[in-house]
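Asker: Chain by chain, the residues run as shown.
There are 2 protein chains.
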Amino acid sequence: MAAKYVSINNQLFLEEDAKIGVADLAMHRGYGIFDYLKVIDNRPIFIEDHLDRFFNSAKEMYLEVEPDREQLKKTILELIEKNGIATCGVKLLLTGGYSTDGYAMGKPNLIISQYPLNMEQENEFDMGMKLVTYDHQRQLPFIKTIDYLMAVRLQPFMKQKNADDVLYHNTGVITECPRANFFVVTEKEIWTPAHNILKGITRSKVLKFRISGYPIVEKDFSIDDFKNVREAFITSTTKYAYPVSSIDGRMIGNGKIGPVTRQVRDLLFKLTYAK
Amino acid sequence: MAAKYVSINNQLFLEEDAKIGVADLAMHRGYGIFDYLKVIDNRPIFIEDHLDRFFNSAKEMYLEVEPDREQLKKTILELIEKNGIATCGVKLLLTGGYSTDGYAMGKPNLIISQYPLNMEQENEFDMGMKLVTYDHQRQLPFIKTIDYLMAVRLQPFMKQKNADDVLYHNTGVITECPRANFFVVTEKEIWTPAHNILKGITRSKVLKFRISGYPIVEKDFSIDDFKNVREAFITSTTKYAYPVSSIDGRMIGNGKIGPVTRQVRDLLFKLTYAK
Chain A
74 MAAKYVSINN QLFLEEDAKI GVADLAMHRG YGIFDYLKVI DNRPIFIEDH
124 LDRFFNSAKE MYLEVEPDRE QLKKTILELI EKNGIATCGV KLLLTGGYST
174 DGYAMGKPNL IISQYPLNME QENEFDMGMK LVTYDHQRQL PFIKTIDYLM
224 AVRLQPFMKQ KNADDVLYHN TGVITECPRA NFFVVTEKEI WTPAHNILKG
274 ITRSKVLKFR ISGYPIVEKD FSIDDFKNVR EAFITSTTKY AYPVSSIDGR
324 MIGNGKIGPV TRQVRDLLFK LTYAK
Chain B
74 MAAKYVSINN QLFLEEDAKI GVADLAMHRG YGIFDYLKVI DNRPIFIEDH
124 LDRFFNSAKE MYLEVEPDRE QLKKTILELI EKNGIATCGV KLLLTGGYST
174 DGYAMGKPNL IISQYPLNME QENEFDMGMK LVTYDHQRQL PFIKTIDYLM
224 AVRLQPFMKQ KNADDVLYHN TGVITECPRA NFFVVTEKEI WTPAHNILKG
274 ITRSKVLKFR ISGYPIVEKD FSIDDFKNVR EAFITSTTKY AYPVSSIDGR
324 MIGNGKIGPV TRQVRDLLFK LTYAK
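Residue numbers (my numbering), protein chains in the order written: chain A, 74 to 348; chain B, 74 to 348.
Check before you lean on any hint, since a few could be wrong.
No copy is singled out in the list; a pair is fine if it fits within one copy or between any two copies.
Claimed, not checked - Only pairs whose alpha carbons sit at most 30 angstroms apart, straight line, appear in this in silico DSSO-like list of lysine-lysine:
{"hint": "1", "residue 1": "Lys77", "residue 2": "Lys92"}
{"hint": "2", "residue 1": "Lys92", "residue 2": "Lys155"}
{"hint": "3", "residue 1": "Lys203", "residue 2": "Lys272"}
{"hint": "4", "residue 1": "Lys234", "residue 2": "Lys180"}
{"hint": "5", "residue 1": "Lys292", "residue 2": "Lys329"}
{"hint": "6", "residue 1": "Lys300", "residue 2": "Lys155"}
{"hint": "7", "residue 1": "Lys203", "residue 2": "Lys132"}
No wet-lab data here; the hints were simulated from the structure.
Construct the entire structure; sequences and hints are all you get.
Answerer: In structure tokens, the structure reads:
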């Protein structure tokens, strides 16, 4: 659930009154983009990266963002202050707007919602995630659109497979999870897929890390390569680096967090909490 | 623009008050299905086919339709009466509902909107449509979802190419237009793509027609086959059968409606206006 106040087109509404007319193109044609960032103790984390991506997604989808970058930052901070929640997730959602014919774009609606974060939960994990692979290539993967049609539809499938998340592959070539990037640790390298993915902001931070003895390489690899994998982890704004314990029921390493994943995770925490 | 009243979850709202909370999964994840039918002089056209498809789309996407079939028909007719528009388009839109975490499905929202139809316009056409081909395969093409991300994004491209609509192909194999099925007339047969498409209701009617000398065959064909094509047309609820005058700037036939397209169009009108 979102926090008490939600911003729609720079106006604050109580969450229960935060509504959009049914003519919006997100409703009719699934047309919109978004971004999601963390705020810790009133500090928005990696906000410049998120705003870069948000404005770029908007541009790629021909959606105009009415407030400029500084106004947008101000609105985010005002919302945080108004809600009085210093540590949270913030979602910026930009829709196709009210369409006169249900197909052509209108003037985009900008919705900013704040979500309380459970910090204790975020610092904990148990045995790592169980992934199940699925053959699907997201359309326009390089843009952060609201298209999660397949991901949401696969939720019953995930449950049935006793998995925590899906790992997409494109006819055998691994790409990404619906909301996270994917990494494997082999004997001598760390690999993360190079193509047909959304290049996440956490991923970009990890690519700059120097992990002793393990160069990090952007390269495409296949399901068959899993047999040589010692560790696997996903990265996202929400999850930092999170260990993967099994893929398609086959255990990765000893099923627990490995030393490389631990190191990447620690470095991400350090970067996030640096003041 | 929709007519004066819109039905949301079986309650009538004035169009300007017809709103949905920002937590709906259509807004956040582009998750929903719809259907669209015509009503002529208070007679819903092919309503059983449309409801069959609507309930099937809902089932395929794990969305529950709260009203049963008879209730749904009643609601549609009540809306038409309330709006006092006997000839119109009716859109049924079923969304993923209010999600507690922005990802899991909620209880679906059902929105029924009515759109006035300009009947004079509908009986007219000038020179036929200009299509531009584009390599894209819709995800879950057999379900009538709200995913038109690519189609809406291609609107500037269409304009730039001076085209009226896009014709999708899957690495050269023709599939469909974003909102219509596609047919070609060759020397001895009428072809319409067989796979990776939404099988439209107008298409299903055309498949049952007997056009003298031209068996209608469901078969996949490629862009290269266009050179042998005498006529091309699209079919949809809105357009009936509508001639295609050119594809990628190359004229089809003499660029005007051909005798087979004319015959299919006439048969569709006859079927639609039969009482």
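Asker: Take the hints in turn and mark each one as holding or not.
Answerer: Verification of the hints:
1. Lys77 / Lys92: Both. Shortest intra-copy (14 angstroms) and inter-copy (19 angstroms) distances satisfy the 30 angstroms Cα cut-off.
2. Lys92 / Lys155: both (19 angstroms within a copy, 24 angstroms between copies)
3. Lys203 / Lys272: within (22 angstroms within a copy, 37 angstroms between copies)
4. Lys234 / Lys180: between (42 angstroms within a copy, 24 angstroms between copies)
5. Lys292 / Lys329: Close inside one copy (25 angstroms), not across copies (51 angstroms); limit 30 angstroms.
6. Lys300 / Lys155: neither (51 angstroms within a copy, 64 angstroms between copies)
7. Lys203 / Lys132: Intra 36 angstroms, inter 27 angstroms, cutoff 30 angstroms: inter-copy only.
Hint check: a violation occurs at hint 6 only; the rest are consistent with the structure.
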